[in-house]
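K.L.:
Going line by line, the protein sequences match chains A, B, C, D and E.
Residue numbers for the first sequence follow the working numbering, beginning at 60 and rising by one.
Residue numbers for the second sequence follow the working numbering, beginning at 60 and rising by one.
Residue numbers for the third sequence follow the working numbering, beginning at 60 and rising by one.
Residue numbers for the fourth sequence follow the working numbering, beginning at 60 and rising by one.
Residue numbers for the fifth sequence follow the working numbering, beginning at 60 and rising by one.
Please note that a few of the clues may not be correct.
The list treats identical chains as one, so a pair stands whether inside a single copy or across any two.
Simulated crosslink set (DSS-like; lysine-lysine; CA at most 25 Å straight-line) [unchecked claim]: (1) K115 with K191; (2) K201 with K165; (3) K115 with K197; (4) K201 with K191; (5) K197 with K78; (6) K180 with K191; (7) K201 with K78; (8) K165 with K78.
Hints are computed from structural coordinates only; laboratory data are not their basis.
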Amino acid sequence: MGIRIGIADTMFARVDMKKYAIGAIRELAPDAQIELVTVPGIKDLPVACKKLLEEKHCDIALALGMPGAEPIDSQCAHEASLGIQQAMLMSNKHILEVFVHAFEAKTDRGLLAIAKTRSYKHAQNAVWMLSKPEELAKQAGKGIRQGHPDAGEING
Amino acid sequence: MGIRIGIADTMFARVDMKKYAIGAIRELAPDAQIELVTVPGIKDLPVACKKLLEEKHCDIALALGMPGAEPIDSQCAHEASLGIQQAMLMSNKHILEVFVHAFEAKTDRGLLAIAKTRSYKHAQNAVWMLSKPEELAKQAGKGIRQGHPDAGEING
Amino acid sequence: MGIRIGIADTMFARVDMKKYAIGAIRELAPDAQIELVTVPGIKDLPVACKKLLEEKHCDIALALGMPGAEPIDSQCAHEASLGIQQAMLMSNKHILEVFVHAFEAKTDRGLLAIAKTRSYKHAQNAVWMLSKPEELAKQAGKGIRQGHPDAGEING
Amino acid sequence: MGIRIGIADTMFARVDMKKYAIGAIRELAPDAQIELVTVPGIKDLPVACKKLLEEKHCDIALALGMPGAEPIDSQCAHEASLGIQQAMLMSNKHILEVFVHAFEAKTDRGLLAIAKTRSYKHAQNAVWMLSKPEELAKQAGKGIRQGHPDAGEING
Amino acid sequence: MGIRIGIADTMFARVDMKKYAIGAIRELAPDAQIELVTVPGIKDLPVACKKLLEEKHCDIALALGMPGAEPIDSQCAHEASLGIQQAMLMSNKHILEVFVHAFEAKTDRGLLAIAKTRSYKHAQNAVWMLSKPEELAKQAGKGIRQGHPDAGEING
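One chain only, chain A, in its complex shape (with noise of 0.2 Å):
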C-alpha cells in the first residue's frame, strides 16, 4: 500500500493507546508503515507529530493522549489542540486528535472503554483518508462518534 503512518503516544496517558491504534492499522492496511514516538505528555504531541510528517515522511499522523482530570489539564489540553491545529496547518498534513478526557467516564474501565475505541476507530479514519476517502464521504452528516455512541442523522 506504501502509506505511511505517525503515531505520537504519551507517558503521561493511563492507557497504552497506540496498541489499538496499531491494531486498527494492521488490520486495515497491512502494508502501511508505522513510524512511533513516546513523549512525556499532550503539550509535547504537536511538535512530535509535525516532526514524524515533516522527518519521517509520513502521510498523516496520530496524537494519542489523556488528559487528567483537573482544569490545569484541560487548559494544557487546549493548549494541545491549537498547537496541533497549527502543525497541520504548517505540513499541509491531517493530525487525527486522539483526546480521551478523564471526565468522560467515571471509572478506570470506562475510560479504557473510550481509549480502546476511539483509538481504534481513528486510525481506520487516518487508513481510510490516505487510501478509502469515499468511506468518510459515505458517512457525512451521519452523527458519527468514536468512543460515545453515535449521534445519528437528522432527515431531512
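Keeping the supplied structure of chain A fixed, place chains B, C, D and E upon it in accordance with the hints.
P.N.:
Positioned in the frame of chain A, the structure of chains B, C, D and E alone reads:
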C-alpha cells in the same frame, strides 16, 4: 463561470449540510466547479479547507460542521475556528465557517432548519464573494443573519 | 497625499459604519485612496483586511464590525480579533479593529452613537498614523477613548 | 553602547509610562538609541513593536499599555499578549510587555505608582538583557516582581 | 555525547529550578553542553527558548517557570504556553515546559518539592528524548507524572 468552490464537511455533523450548499451553488453559479472532502470532525476542517484552496486550487472554501452540546464541543469549535482563521491568512483566501451549534435549537427539526438555511445562504455568499461582490456591498450594515431572522439596520 | 486606506465591513453589522469612516477620511485626507470590501461577518474580516493590505496595496486597514449579544458572538469576536492580530504581524501593517459590541449600549440609538463616533475617530487615527504620527504622540497616556468619554490622564 | 531600544505606547493608557522607561534607559545606558511610536490602544502594540524591531532595527522593544477595568478590556489585553508572543517569535527578539491593569490598584495614585515602577524596572531589564545578561542571571529564581513587592526566594 | 540542551529560567520564579535540571543533566549526560539564559518572567520564555534552539544550536530546551497565584498569572501562563507551542513548531524542536503553578501546593515547602522533582524529571526526559528515546517508549501509557505521584496504568 470558472469559479472553483471547495466544500469540507464532517461525519460528526447530524445533517448532510453540503446538500444545501451544493444546491445553492448549482442554482446561482451552474458552471462552478465544486471540490468535496469529508473529514471526521470539525477540528479536521481547517487543514482540509487549506488543502482545497492550495492543492485543489479552489478560490474559496466552505467549512461545514455541527459542534455538539457539551462544553468540550464548544471548545473544539473554538479551536477549529482559530484554525480556520489561520488557514485563511496563510492562503490569502476566504473560508466561510458554517457551523451550527447544538445549542442553537431545542429540537432536531429546529437544528435541521438552521443547518439548511445557513448552508444555503453561505454558499450564496461564497458565489457572490467570487463573482458579485456588489451583492454583499449592498447589504453592508443591514444586520443580515444566516439561519436566524435578520437583526435589521439601525438607521442613522 | 497618496495614502491608501482599506475598509472592510460586514453584512452582519446593524450600522453602516463605513459611512462615518469614509467621512472622516474625506475630511482629513481628501486625496487618500479608499479601497472597500464587504464580507458576511466579523470572522471574515481578518483575511479581507490582509488582502486589502497585500493585494490592494493599502497602507492601513479598518476592520469594522458589530458583534452580537450572545456568548457565541463574543467568542466569534475574540477569534476575529486574534485573526486580526495575525494578519497585522504577517503583513507588518496596522489594522485598526473598530468593533462595537451589542452589550455596549442598551438601545439601538446608543449603539448607533458609539458606532458613529468610533468609526470616525479610528478613521482619524488611521490618517494620523500614516501622515501625522505626532498627533498620536501628543495624546500618549492621556486616557483617550473612541465612542465612550475619555478616561483622562493620571498626572504623575 | 550602540544598543537600540524601541518603545511603543498608547493613547488609551492613563499614565505617560514611557517617561519612566526613558528615564531608566538614559540613566543606565546613556548612549542607547531610543525609537518611539504611539498607537491608539494595546491591540495595536504587537505590530508596532514588530515594526520597531524589523523596520527600525531595534534590538528589543517595550510594549507599554494600561488595559481598562471591563471584562472586554481583559480580553483585549489577552489578545494583545498573544500578538506580542507571535511578534517575538517571528522576529526572534524580545518584547517586554509592560501592562498595568486597572484592577491592580484601587486608586489612581496606586495605578500611577505601579506604572512608574514597572516601566522603570522593565526598561532596566531591557538594558540588562542587551548588555548585562549576568544581572538577570544573578536574580534567577528570586521571586522578583515589577510594580509589586518581590515574592522572594524559597530556599532549597 | 555531544548533545546541547538549552535552559531558560526566570527572575519571577521563587525557586532556582535550573539547579535541579542541571543536576540531572550532569548525572545522566555528563558530556552534554548546557546553554543558560535568564529572562524576567514566563512570557519571555518562548522566544528565549527559540533563540536557544536556533541561535545557540541547542537540540532541545527546558522552559522553567513558576506562575503566580492570581488569575492574571494563570492567563500569563496560558499565553506563555501557547507561545511555547508556536516556538516548537517554528523550530521543529522540542521545548519541555516545566511550570510549577502557585496553586499546586499550600506551602512554600510543598512548592519547592514539586519544583525540584519536576525540574529533575523533565531534564531527564530531555536527555532521554535526545539520546535514549526507548526509555520514553517503555513508559508510554503508564500514567507517569512529574512532581506528583504517578497516576498509573489502566490495564486493558
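K.L.:
For every hint, state whether the structure bears it out.
P.N.:
These are the hints, each one checked on the structure:
For the homomeric pair K115 and K191, the shortest alpha-carbon distances inside one copy (23 Å) and between copies (18 Å) are both at most 25 Å. In the homo-oligomer, the alpha carbons of K201 and K165 lie at most 25 Å apart only across protomers (19 Å), although the nearest pairing inside one protomer, at 27 Å, exceeds that limit. In this assembly of identical chains, the alpha carbons of K115 and K197 lie at most 25 Å apart only when taken from different copies (21 Å versus 31 Å within one copy). In this homomeric assembly, K201 and K191 come within 25 Å of each other (Cα to Cα) only inside a single copy, at 18 Å, whereas the closest approach across copies is 34 Å.
Only between protomers do K197 and K78 lie at most 25 Å apart by alpha-carbon distance; the minimum there is 13 Å, versus 27 Å within a single protomer. Taking the shortest alpha-carbon separations for K180 and K191, only the intra-copy value of 14 Å comes in at or below 25 Å, while the best inter-copy value is 31 Å. Proximity of K201 to K78 under the C-alpha cut-off of 25 Å is restricted to the inter-copy arrangement: shortest distance 13 Å between copies versus 28 Å within a copy. Taking the closest pair of Cα atoms, K165 and K78 come within 25 Å of each other only inside a single copy of the chain (23 Å); across copies the shortest separation is 39 Å, beyond that limit.
Of the numbered hints stated above, none is contradicted by the structure.
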